[in-house]
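A.B. asks: Fit chain B to the known structure of chain A by using the hints.
What follows is each chain in one-letter form.
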Amino acid sequence: MKNLLSVQEQLQSGKRKVTDICEEYLQTIKETNSEVNAFVSVDDEDVRKQATNIQQKIDAGTAGKLAGMVIGVKDVICEKGKKVTCASHILHNFESVYDATVIKKLKNEDAILIGRTNMDEFAMGSSTENTIYGPSKNPANSDFVVGGSSGGSAAAVAANMCDTSLGSDTGGSIRQPASYCGVVGLKPTYSRVSRYGLVAYASSFDCIGPFSKNVTDAAILLEHLAGDDPMDNSSSAKPVENYSEAVAESSGKLKIGVPKEYFGEGLDDEIRQGIEDRLKELEKDGAELVPVTLPHMKYGIATYYILATAEASSNLARYDGIRYGHRADFEKIEEELSLERKELKKAAGTSTALEAADIDSPLIRLYKKSRTEGFGTEVKRRIILGTYVLSAGYYDAYYGKAQKVRRLIKQDFLDAFQQVDVIVSPTAPTTAFKLGENQDDPLQMYLNDVYTISANLAGICGISVPAGTHSNGLPYGVQFMGNTFHEVDILRAAKQFESLQS
Amino acid sequence: MSVTKDDVQYVANLARLQLTDEEAENFKEDMNDILGYIDQLNELDTEDVEPLEHVTEITASKFREDEAKEPISHDDALKNAPDADSDYFRVPRVIE
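Here the protein sequences line up with chains A and B, keeping their order. Okay, so the first sequence: first residue is 1 according to our numbering, each after it adds one. Okay, so the second sequence: first residue is 503 according to our numbering, each after it adds one.
Next up, chain B with everything else stripped away, as it sits in the complex:
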């Protein structure tokens, strides 16, 4: 199973990244190297192994009282926005 340049461009689109042809070519090679290395996991029979999803094996979430607390302020939330008016983040028009 080997990754093609088209695979790389397909995944880049899913990840919302643009790659030049040269970058896609380089990433294709890197990915095939890395995935080739990763293939060694197939030496292991894991048929009866449960996947490990949380290393400290938390079985139940910690609950807290359902109380309203002060969130970050409106001004703070907008502080780092690249484009905003006094109330909202500003984005390109979505609906034509």
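Just chain A, with the same shape it has in the complex:
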């Protein structure tokens, strides 16, 4: 299988050049991006410059460890001098003045950053339809979504527009699109990868992670993304393990937990059968399957949509039209306010009544108008829900309650990992759904994350690996979850699963 190691062999021997690899990818993007809409911006000249520079280093024998890897970047991760829009109108003109820590690390190791990928606005969504750039379309069938929120990054890898890509996973936003598009997607343990330069959605959940065509590339890329960072105080100081070496070794006898809660009602029959068949093969291969139970799994979505929206309402308060981003037209606001005052005066009759009436100051109205014009519907919905659950009188009933249930969910996993190395589940209950199908029903859309969301609540790691193709022609994935900082275990399980298919 083609991975970075085989590419680097060819580069070393001079059989291939990075410049040629980049030209091929640029050509593929040119041919297929109008259909798939995975990339929102690609600067050909900049890519060629990077490639020439790195080819010189390869020739001189001074190239970094990721030389030869071509990477797409979700439009939520800051790259200096590049537009970072989060697929939102409110940031449509924002240009980053610094590199995210992960970008700095990739540049230091001579990876090529080929372009910015499509996503759900501020990473809120499960389909990459909530975006100012128009939806991405599934490379396997363009009537279907790519999943989300990192849908562009998943589709870019699936459509062979790059080797790997970066996404972010807050409730399943890497693993679910990986499943829908038939690629590998890994969500690391919370705090394993620095969040500095990742535009915040829900900070106690947000994780940057890789998409790739194979498990080996995911391991290699993760090794270079992970690590302590003085710029992110929540990043872990634990030493980073050698993931690429770990996946190259045989995984020995893996103990795989099979939670009945993840194979029950709501799961597509064919996906269940497909995964169960594969698990039997793993068993023959030496793995031990152990029934486990995660009794609070069914409360995951409810817990998540309290905590994540609460955090979002706070994080997105920064978009006020003052320091960056979209600002509403102030002349129009002044006209609007003067009209409102006049009408109030007419209705109230006296000036005292007018003074008592609640009318926005010009600055407050500027905030409101800028935000109202800048955010899309789903973002507004989540800000309002988050503000509501945090508001006086409801805090304990919602936010406080959810924080307690979050502990119960985490405890389920801690108990299960006493018995097993990894836990297996489907990544999503179905294959990709049709474009537009869930647009009018937010709750239905949220339910797509039912199998991925618990890992975010518990802070543990998870990986989605392609598990097969459904009779409807669309791919689906299997998820391996591991305890905190047990990326080696899930990578080994994924690698073993992957080798069943070839």
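Some hints could be false.
[Said to hold, decoys possible] Restricting the straight-line Cα-Cα distance to at most 20 Å, the calculated cross-link-like pairs of lysine to any residue (SDA-like) are:
| hint | chain 1 | residue 1 | chain 2 | residue 2 |
| --- | --- | --- | --- | --- |
| 1 | A | LYS80 | B | GLU572 |
| 2 | A | LYS410 | B | LYS571 |
| 3 | A | LYS80 | A | GLU245 |
| 4 | A | LYS410 | B | THR548 |
| 5 | B | LYS571 | A | GLU9 |
[As the list claims (entries may be wrong)] For the chain A half of the interface with chain B, some residues (derived, Cβ under 7 Å), not all of them:
| hint | residue |
| --- | --- |
| 6 | ALA60 |
| 7 | ASN233 |
| 8 | ARG341 |
| 9 | LYS342 |
| 10 | LYS345 |
| 11 | LYS346 |
| 12 | ARG407 |
| 13 | LEU443 |
Honestly, the hints are just simulated from the structure, not real lab data. Note that the structure is a prediction, hence the values are computed from the model and not measured. Each residue gets a CB set at the ideal place from its N, CA and C atoms; glycine is no exception.
C.D. replies: Same frame as chain A, now just chain B:
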């Protein structure tokens, strides 16, 4: 406990958002759906459960030396401002 359109407009104001009547009506329905779904958490007795505030249970902040470091430059800080002069962000008059 059901959310009214007025509740939605009240919260929208707190969140510095403006909603048309139609949007408020739609959000009211969505919120009641979602909060209705969320209600299932009340099946659980969490009386004796400690709230989980940080998933990796960081007990102490990491400290660093208190050294001055180069911040982003003044020009960079103002670069994305919708309205600024050479020194400051410009905002509507606040004090009459």
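A.B. asks: Give a verdict on every hint.
C.D. replies: Hint by hint, here is what the structure shows:
For the hint pairing A/LYS80 with B/GLU572, the CA-to-CA distance comes to about 17 Å; that is within 20 Å, so the pair holds. With a C-alpha separation of about 38 Å, the suggested pairing of A/LYS410 with B/LYS571 is violated against the 20 Å cut-off. Between A/LYS80 and A/GLU245 the CA atoms are separated by roughly 32 Å; this puts the pair beyond 20 Å, and the hint is violated. For the hint linking A/LYS410 to B/THR548, the alpha-carbon distance of about 14 Å falls within 20 Å, and the restraint holds.
This hinted pair does not check out: B/LYS571 and A/GLU9 have alpha carbons roughly 41 Å apart, beyond 20 Å. Look at A/ALA60: its Cβ only gets to about 31 Å from chain B, farther than 7 Å, so that hint breaks. A cut of 7 Å between beta carbons decides the hint on A/ASN233: the least distance to chain B is about 6 Å, and the hint holds. A cut of 7 Å between beta carbons decides the hint on A/ARG341: the least distance to chain B is about 13 Å, and the hint is violated.
Hint status for A/LYS342 relative to chain B: violated, with the closest Cβ pair at about 18 Å, above 7 Å. The interface hint given for A/LYS345 is broken, as the beta carbon of that residue sits about 17 Å from the closest beta carbon of chain B, more than 7 Å. Residue-level restraint check for A/LYS346 is violated (minimum Cβ-Cβ distance to chain B is 21 Å; threshold 7 Å). A distance limit of 7 Å between C-beta atoms decides the matter here; for A/ARG407 the minimum to chain B is near 4 Å, and the interface restraint holds.
Annotation: A/LEU443 was flagged as interfacial toward chain B, and the flag holds, the nearest CB pair being 5 Å apart, inside 7 Å.
In summary, the structure is inconsistent with hints 2, 3, 5, 6, 8, 9, 10 and 11 from the numbered list given earlier, while agreeing with the others.
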